[in-house]
Amino acid sequence: MLYVAVAVRAFRRYSTYTAATLAGIFTNSVFGVIISFTYLAVWHESPKAGGYDATDAVTFAWIAQAMIMTIAIWGGGTTDDLAERIRTGDVAVDLYRPVSFLGWWLAGDIGRAAYHLLTRGLAPTVVGALLFDLRFPSSAVTWLAFGGSVLLALLVSFSLRLLVAASAFWLLDQRGVQNLAMVFAVFFSGLVVPLVLFPTWSRALVMALPWAAFVQVPADIWLGQRSGTEVLWGLAFQAVWAVALLTVGRLVLGVAHRRIVVQGG
Amino acid sequence: VWGVRAYLLLVTMWVRVSMTYRASFVMMTTANFVLTGLDFAAIVVMFANVDELGGFGIGEIAFLYGGTTLSIGIADLLLGNIERIGARIRLGTFDAMMVRPVPLYAQACADEFTLRRFGRILQGLFVMVWSLLVVDVDWTVSRVLMLPYLVLFGTLIFVALFTMGAAFQFWSQDSSEAANAFTYGGTTITQYPLTIYPQQVVMVLTFVVPVAFVNWYPSLYVLDRPDPLGLPGWFQFASPVAAMVLCGLAALAWRTGVRRYRSAGS
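Protein chains in written order, with the numbering used here: chain A, -11 to 253; chain B, 12 to 277.
Hints were generated in silico from the structure; no laboratory data involved. Glycine included, every Cβ here is placed at the ideal spot set by N, Cα and C. Among the clues, some could well be false.
A few chain B residues that don't get close to chain A, going by computed Cβ distances all over 10 Å [as the list claims (entries may be wrong)]:
id, residue
1, V15
2, M39
3, W141
4, T199
5, Y232
6, G241
To be clear about the criterion: a stretch of chain B counts as covered by chain A if any three or more of its residues have a C-beta under 8 Å from a C-beta of chain A, and this derived list gives those stretches [claimed, not checked]:
id, region
7, 47 to 56
8, 168 to 181
9, 200 to 207
Some, not all, of what chain B presents toward chain A, calculated at C-beta under 7 Å [said to hold, decoys possible]:
id, residue
10, T23
11, M38
12, A42
13, V61
14, A98
15, N191
16, A192
17, P251
Chain B extracted, bound-state conformation (with noise of 0.2 Å):
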């Protein structure tokens, strides 16, 4: 598809631009990796002083922690910067946006596309291994392929969240704080075990705000762990229905804030 060529294109180009400085680059990479990292170490601290959470150990957890990072590593990745689309409204720039043959939506997630976030990519992908090594689960066919199950729907659980905080931002230039809270917070909210929540919550993150089906029901299944909710056992395979349903919301919200943006034009 042209829009997908027309990403990858802005893409490279922002990526050659982020090369001429390359120790800046290099820093910002690293910080990236142990800035995205200190979650994690927040966690090995409680260790310190617990020996679980919930009822859940440091190596489910960090199953946990590494599906929920690598998810909205992924997402972050190939679209963290659409929330700046409220400065280019605020700045004007939007409007060249609109006039240039490329789809908006590909040029607005590519919006100064920077490779530095592979360093919370590469702090879940380690947490993730680490986790695998120390955990104690039945492997069968279906586990193992859960992995990237869970990895491919939680991304794009993310990837519909960051849309719609971005298609928020044409009602309200300024608040691109707020989309934070769903995004930045769904993750930080699903590196611990949901049992350490209240059950209403734990509902508002399956039917209101679904973050909880980017690696809660599927990790249920992974670690053979029965639902403290006690919804039925399809819930655990139910993540591509919430990234649909999201997916399907957020291009609403997208396509809506578009038609309705109006220029400046005093």
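Just chain A, same shape as in the assembly (with noise of 0.2 Å):
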């Protein structure tokens, strides 16, 4: 199948740089050791705080470190290739591949996502299991739940990363945007602080932004914070923002299309 080829082979790409990734392992690391203390520091002022104990925090802190790369949530992935593709105006010759565009890109970053995970998102949690006490999933109904929102999560940050970097289609440079779009990815998300510490009045608001099915949801699903039907509330969430996100993806790259002028034709 073609699209399996192309997720293998950009696999097979990240692949290759094997001291970046221990480098990446090391950074993921350490600073899910700092975060882990200053949650335990907040949980032991306010032993219950958002409805989370100490554990469910410090298990929180590595579950957003694993995140980072296997979601994309600080940008990157196959959409920066795209968006130089964009600049340069090579895109015009993937566009007329008698593949589907977006399938195309889609599977080149579930691809990386995949060996993300396998390095960038086990690895650190090992680290992190071997330091600090965390709760891990006791049933294989939640495993299998908490798979598959991650992949949802990735659906939902890959329509996103996908709208920047089609900005490039007006703007040319993607990165003023995608700068700003870290902001929110970075905050809404729950990387730098749990949603669940949201003031009352903000919380329901951020609980509802795409963000919240990058880190917030899967890490809820993990922790069995959410059970039964709440699972499945938590996973319909995100997918339909993904499947929202990714009709507005297409309808940009459609108007985008047919704004493209290929020299001489």
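Take the two lone chains, each set in its own frame, and fit them into one complex as the hints suggest.
Pasting the structure below:
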């Protein structure tokens, strides 16, 4: 299958840079340790903050570190390659390939995410489990739901990054927009502070934003904060954002394709 | 010195370059201001749930945060792109830098200098000023003088850490991210009172990776707090010692790295 082949090759491409991966794992682990201690200090003062206990909070810190590269919270991934191809005009070549434009880039990003999950997701989590007392899902169903939730998180993140990259069709340089998108992704995903700690008046809002699908929903499924039908609601929330944003992405690309002028064409 | 003059000339050139895309420049400076400010926003969110962390109130934590953010902000502005050295080595453009009649270190520091990094400095300054308005400090002349002293030596410590991280890339070109654990990790860890970490960690931050001297020990003096480790009082003034030792090691690492460098030349 074509898209599988694309994904497999993206996986291999990222796996070439072993030293970079090791350096990244080291850095994720250091930040995991720092953030764990800050959360421990918060939950020491307020043991039930946000409905979490201290173990939940520390586990959340490590899940967030594992998601940074997997979901590409800071940006990056195959959508950066796409933005560069839009800037240089190479994207014109991509458009007449006999494959789905969206499918091609998504398959590549899934391959990349799989590599980052197995390295920069898994390895820091092992480090975290050795250093701190973490909570792990007890049932196979929870593991399965968590896996599905991560995949949906990737879809939401990919479609947002796709929209950022597509802005290059108009602006040529995506970096300004990318930086602003990063601000939202970092803060409203729960990466710097779990969304459950937000003051009550803003919590419902931040929980409804698409970035909540990045870390907060998968983490709540992992921690058992969502159980039974709440798990399904969480997955449905992610799926709705994924479908909505992918549809918008399709529409934007459709408009953009009509804008493209190929030299001499 | 010729090195400093060369650095300033290169910096001016890069500033002119970035001003070509004014809209992008404004957007990126704003993003830098907000993005680096998210760390403080996170602390504010935490304080919606607690009254103090590690025995420190939000005003005092803002002081710690401002000190470390200003220090890394200035260091990052001066030589933040030195980490690009690994990419330059990989691309082979490092060789071009070596044959120019300009000190290599000045070139590496000024590489793609960008004023948008003022965003972080400005943000750190805001938090610092706010903290000075809300914390209750028994101001004396020496406490006031401690503020520029803190920022100066804090900056030097981060300058040394950035340089060491870059020098490390002469051995391993792909691992620029590992340096982030020390630079950005160092600033994250010192945004909080070190009382929230176990004592062994504080020992490491004092004697091994001495980022505690960026703001923690000077702040203990300004805020008139006892040292949880019970170290002698002169530690609160010892930042220059830590900064000089680190700068010495960084210079050594950089020189060794440059000397060791062999072009691809297959």
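We went through each hint and held it up to the structure:
no. : hint       : verdict
1   : V15        : holds (30 Å)
2   : M39        : violated (5 Å)
3   : W141       : holds (19 Å)
4   : T199       : violated (5 Å)
5   : Y232       : holds (23 Å)
6   : G241       : holds (20 Å)
7   : 47 to 56   : holds (count 5)
8   : 168 to 181 : violated (count 0)
9   : 200 to 207 : holds (count 3)
10  : T23        : violated (22 Å)
11  : M38        : holds (3 Å)
12  : A42        : holds (3 Å)
13  : V61        : holds (4 Å)
14  : A98        : violated (11 Å)
15  : N191       : holds (5 Å)
16  : A192       : holds (4 Å)
17  : P251       : violated (26 Å)
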